[in-house]
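Engineer: Sequence:
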Amino acid sequence: MKRSLRAVLLVLCGLGLLRVSLLTDLCLRYVKESMRPMLIVSGAVLVLLGAASAVLDRRAGADLRNQDDGHDGHGHDHSGLPRVAWLLLLPALSLLFHAPPALGAYTASRQPAKPVARQSDFGPLPAVSPLPMTLSDFTSRVQQDRERAISGRTVLMTGIVTPREGGWDLTRIVISCCAADAQSVKVRVYGGTVPSADSWVTVTGTWHPGGTLGTASAPVALDVQTVKKVPRPVNGYQDALPLPSTLTR
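Here the sequence shown stands for residues 206 to 454, numbered as in this note's numbering.
Don't take every hint at face value.
Here are the simulated SDA-like cross-link-like pairs (lysine to any residue), alpha carbons at most 25 Å apart as the crow flies [as the list claims (entries may be wrong)]:
#	residue 1	residue 2
1	Lys-434	Thr-229
2	Lys-433	Arg-358
3	Lys-433	Gly-419
Quick caveat, the hints were computed from the structure, so don't treat them as lab data.
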């Protein structure tokens, strides 16, 4: 791989990062929003390094030609990169022209549900119906709230459709930093037809009875009443409340 292609590779990688982080929201498929400024800075640095490398390579090439013309050296350039470096072109071109999709049902179906933190003190639930909840809050109320405040309440949650044997799960994939550390929060859904995998949906329903509510024996499950497809929210990698815009569509 010639030295001039090293500069091209740096510029392509930088432009790819700038495309997914500065010009579009594609970076949110792989990292948290807080990581976005660092991706922008990294992309800009790679572009500058590529440009600087191109200038230096041009000067080095001119010096080699001068030496060759004056018989002041052997005239060969051994500063190329190994051929395996060509493989770095693939992710660079992917970021520029075809960014990989966000994590979804495929990932969630192969993970156990993320453990929910233990909680002993629960405040009263708002007197609204349906009650917007995160999947983690629903899990905590079902398995830890001894007051059983969730009993009979119609709740509203948003997540990804993850098919499973005999039905499907409503899922939120949560990341701490990037897609590599993703974990899944799941609620089993009963009733209705199974939406297509990877669809984002907002559902309403009531807790599906089983075991003893307020203890670990209670299933984290929902008897669904309504299912509505919604766009992927910008906070798709958080176990967050349904966005107001999805509730009014």
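Engineer: Look at each hint and say if it fits the structure.
Structural biologist: Results of checking the hints against the structure:
1. The straight-line distance between the Cα atoms of Lys-434 and Thr-229 is roughly 23 Å, inside the 25 Å bound, and the hint therefore holds.
2. Annotation: proposed proximity of Lys-433 to Arg-358 holds, straight-line Cα distance about 19 Å (limit 25 Å).
3. For the hint linking Lys-433 to Gly-419, the alpha-carbon distance of about 29 Å lies beyond 25 Å, and the restraint is violated.
Hint check: a violation occurs at hint 3 only; the rest are consistent with the structure.
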